[in-house]
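**Student:** With chain A held as given, fit chains B, C and D onto it using these hints.
Chains as they are written, first to last, in the numbering used here: chain A, 1 to 223; chain B, 1 to 223; chain C, 1 to 223; chain D, 1 to 223.
These aren't lab readings, by the way, just hints derived from the structure by calculation.
Zero decoy hints are in this set.
On the chain A side, residues computed to face chain C include the following (Cβ under 7 angstroms):
| id | residue |
| --- | --- |
| 1 | 64 |
| 2 | 126 |
| 3 | 127 |
| 4 | 188 |
| 5 | 198 |
Which chain C residues stay away from chain B? Per the calculated CB distances, all over 10 angstroms, these:
| id | residue |
| --- | --- |
| 6 | 2 |
| 7 | 20 |
| 8 | 92 |
| 9 | 146 |
| 10 | 157 |
| 11 | 160 |
| 12 | 176 |
Simulated restraints on C-beta separations:
| id | chain 1 | residue 1 | chain 2 | residue 2 | range |
| --- | --- | --- | --- | --- | --- |
| 13 | B | 190 | C | 150 | 52 to 62 angstroms |
| 14 | B | 204 | D | 69 | 11 to 21 angstroms |
| 15 | B | 2 | D | 200 | 24 to 34 angstroms |
| 16 | A | 91 | B | 12 | 39 to 49 angstroms |
| 17 | A | 100 | C | 101 | 48 to 58 angstroms |
| 18 | D | 69 | B | 23 | 33 to 43 angstroms |
| 19 | A | 169 | B | 101 | 29 to 39 angstroms |
| 20 | B | 190 | D | 36 | 47 to 57 angstroms |
Cβ atoms here follow ideal geometry from the backbone N, Cα and C, with glycine treated the same way.
4 protein chains.
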Amino acid sequence: MSYGRTFELWREAAGDNWRAYTDHAFVRGVGDGSLPKAAFVHYLTQDYVFLFHFSRAWALAITKAGSVEEMRLCAATVNALINDEIALHIEVCADAGISEEELFSVEERPENLAYTRYVLEAGYSGDFLDLMAALAPCVFGYGEIGATLKETHGATPYKDWIDTYSGDNYQSVCFEIGALIDQAVADRLGSNPVESPSWASLCQHFDMATRLEIGFWDMGLRP
Amino acid sequence: MSYGRTFELWREAAGDNWRAYTDHAFVRGVGDGSLPKAAFVHYLTQDYVFLFHFSRAWALAITKAGSVEEMRLCAATVNALINDEIALHIEVCADAGISEEELFSVEERPENLAYTRYVLEAGYSGDFLDLMAALAPCVFGYGEIGATLKETHGATPYKDWIDTYSGDNYQSVCFEIGALIDQAVADRLGSNPVESPSWASLCQHFDMATRLEIGFWDMGLRP
Amino acid sequence: MSYGRTFELWREAAGDNWRAYTDHAFVRGVGDGSLPKAAFVHYLTQDYVFLFHFSRAWALAITKAGSVEEMRLCAATVNALINDEIALHIEVCADAGISEEELFSVEERPENLAYTRYVLEAGYSGDFLDLMAALAPCVFGYGEIGATLKETHGATPYKDWIDTYSGDNYQSVCFEIGALIDQAVADRLGSNPVESPSWASLCQHFDMATRLEIGFWDMGLRP
Amino acid sequence: MSYGRTFELWREAAGDNWRAYTDHAFVRGVGDGSLPKAAFVHYLTQDYVFLFHFSRAWALAITKAGSVEEMRLCAATVNALINDEIALHIEVCADAGISEEELFSVEERPENLAYTRYVLEAGYSGDFLDLMAALAPCVFGYGEIGATLKETHGATPYKDWIDTYSGDNYQSVCFEIGALIDQAVADRLGSNPVESPSWASLCQHFDMATRLEIGFWDMGLRP
Chain A
1 MSYGRTFELW REAAGDNWRA YTDHAFVRGV GDGSLPKAAF VHYLTQDYVF
51 LFHFSRAWAL AITKAGSVEE MRLCAATVNA LINDEIALHI EVCADAGISE
101 EELFSVEERP ENLAYTRYVL EAGYSGDFLD LMAALAPCVF GYGEIGATLK
151 ETHGATPYKD WIDTYSGDNY QSVCFEIGAL IDQAVADRLG SNPVESPSWA
201 SLCQHFDMAT RLEIGFWDMG LRP
Chain B
1 MSYGRTFELW REAAGDNWRA YTDHAFVRGV GDGSLPKAAF VHYLTQDYVF
51 LFHFSRAWAL AITKAGSVEE MRLCAATVNA LINDEIALHI EVCADAGISE
101 EELFSVEERP ENLAYTRYVL EAGYSGDFLD LMAALAPCVF GYGEIGATLK
151 ETHGATPYKD WIDTYSGDNY QSVCFEIGAL IDQAVADRLG SNPVESPSWA
201 SLCQHFDMAT RLEIGFWDMG LRP
Chain C
1 MSYGRTFELW REAAGDNWRA YTDHAFVRGV GDGSLPKAAF VHYLTQDYVF
51 LFHFSRAWAL AITKAGSVEE MRLCAATVNA LINDEIALHI EVCADAGISE
101 EELFSVEERP ENLAYTRYVL EAGYSGDFLD LMAALAPCVF GYGEIGATLK
151 ETHGATPYKD WIDTYSGDNY QSVCFEIGAL IDQAVADRLG SNPVESPSWA
201 SLCQHFDMAT RLEIGFWDMG LRP
Chain D
1 MSYGRTFELW REAAGDNWRA YTDHAFVRGV GDGSLPKAAF VHYLTQDYVF
51 LFHFSRAWAL AITKAGSVEE MRLCAATVNA LINDEIALHI EVCADAGISE
101 EELFSVEERP ENLAYTRYVL EAGYSGDFLD LMAALAPCVF GYGEIGATLK
151 ETHGATPYKD WIDTYSGDNY QSVCFEIGAL IDQAVADRLG SNPVESPSWA
201 SLCQHFDMAT RLEIGFWDMG LRP
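Just chain A, with the same shape it has in the complex (with noise of 0.2 angstroms):
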């Protein structure tokens, strides 16, 4: 999938470790429905308390945006993200035998932890662009294998999943939010940003991200 040249570049530069994301043993166990249910429960359960702080991190990006139309996408990602995929959550887990309560006592593992606080953290010690790219490889990753488990998947149980991310609903964000980048990043280095002194250091918060994202995978293997 291609959501934006920005991204596109990005993704390259993160080399095998985008790969490693994408295609990680999880995500094809999601695929092929090998995936223990104990296990995507976990992940569900900790990508509940993920969600809450990732949202934290979009909304850093509103206070962050340097115009009314960054803001407004940015907000519109928010209350994507609270009102929708934060309820998704919920409402999946009531369906796997987990109340709201316990999901709401989950204990957040180093894993998770690292990555939200990695994101948070270059937000705010940098500027709008240092956020978007520490945001990027989740959303957009999300989006790929959304997309390639569609074409792909097996028997899974794990269908809705593969639906929600593969949905149109989904994918607009991610072409919405690829379109943002592209836009801000040419209001801030112009239109041959890779030339900018400024350009490897979003692709090192675009590269830790991924391997933040294949540390979450691997936590997710471990109930």
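**Tutor:** Chains B, C and D alone, transformed into the frame defined by chain A:
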């Protein structure tokens, strides 16, 4: 009006400053129609810039929230500000002959800048409650002014403005935010918050933001 | 004076505002001794509050630094501000009959608050360069004013103040910070920074902080 | 060791995690000399990266300070970290055959990154006390470990390390920071801080940072 127990206490602590803000000559001019149109339009254009930064401050509150409930209400406020209030300003200014382009390029007055940067910095350097105390005077003051002018206004060209802030929609927002703040105070300072050593600094934030509102009205009278 | 290439470019972009700041009536009154003592003492007490928040902004620069070298110089600046400059203010105020206690309880004027909160917020919401551009006018302006007054001053009771900012110690700080900023700009925007789309916003921060310096001098003349 | 009343309470609340940190296999290996040199050198290079970010977090504490006294001690800590501790690491690593260049390019391990970003984010999103609670386990834990190993160590090549943290210099820092924290807690939460609803979240920050210290030692054993 009472938008909650915390608001009442903060308002009382701000004393004469609160009255100087909510019963300002600018406000009275809106109510009796004596405010020159040039002053009102000047105020609206500055308020447009204000809303941009005020929305950023409410987004920061999402980042600093301690629960999904706090996030949810702060996110709803950000959306109301970005999607309704900013849009309303663009519309009202268009009616007054100010194009969106002019609005985008209006020069921020020092009294305007002082206010929003104070609020944002209080939030960045402090915690969720510090930010709430600095955000509160604008939210509740406009609610109170709207409700008062609704009862007292004469023949005035600014009836739409009065209707907006006295309307059920805006008044509901005030009650919801008042309840959010009461709960946030209880969660952090307990049932007797005025006994907490932190209480004084919250009152200071509320009082300072109130004084900066007075400065904003003063500026409004000097187009 | 030239404290570096970046400073020269920012100063040029600020145009008349820079002159209005560095050749302000307050400054001329310091040089020819015509400034009323009450105004000078009022300025000093406000400057004490200013230094507290300005030190906090330089500390934020350490947090936002990209290398140990950047951290080191910013930390040296914080120390000079806290240990030397604030101490000097306490001493000079004591000579003027203002106790440390009075100094601690001085009420911050809006023009003072506007300036430091603007700088801090620019740093929190932006990156290291945004913060440097907002910090620069105070550092370099006082260096320039000191150097100019050293050559031009008449019989004035404010010679100590002139000696402080024209002295080797303060001038060295200006050159070091000028070099730090030149390097920071090169590291982030490359060898032709004026071509970067980010350049305009750096000039805006420098210009706004310059205008807030003018407001500070204006306030100084109104004890 | 007791570095103050607040530390005692936080340490007690962290329970077994505190013991798992201060009596970790890595620590015992330092004391009895059984720790492989490769592990020690690996730890030192990661600790160099750690100190960079830890210094940034102490600088953030200056920005979030509520008084000149708090600023002063936090600034002294930043200086000790940047000028002494980082320099010491460069020196010790040089003795171990690691050039400054290698040190600069060491890849940050996830366990290292998780810790410093957690502390920084706790500071950015919370207030001064949240930051202190997250900073405390490193400061006081090394003080306690140094003091304990001084009494119990055998023939070990790591005696210099033990001398550093058990030495008067470092122990004084611990007592000063302990007093700073006691005062900061009294100023904000009053004389009975454990009754404050905020107390639990401070204990959580201390506990989480303690667990991240355990993760850091674990990582140290895996060069």
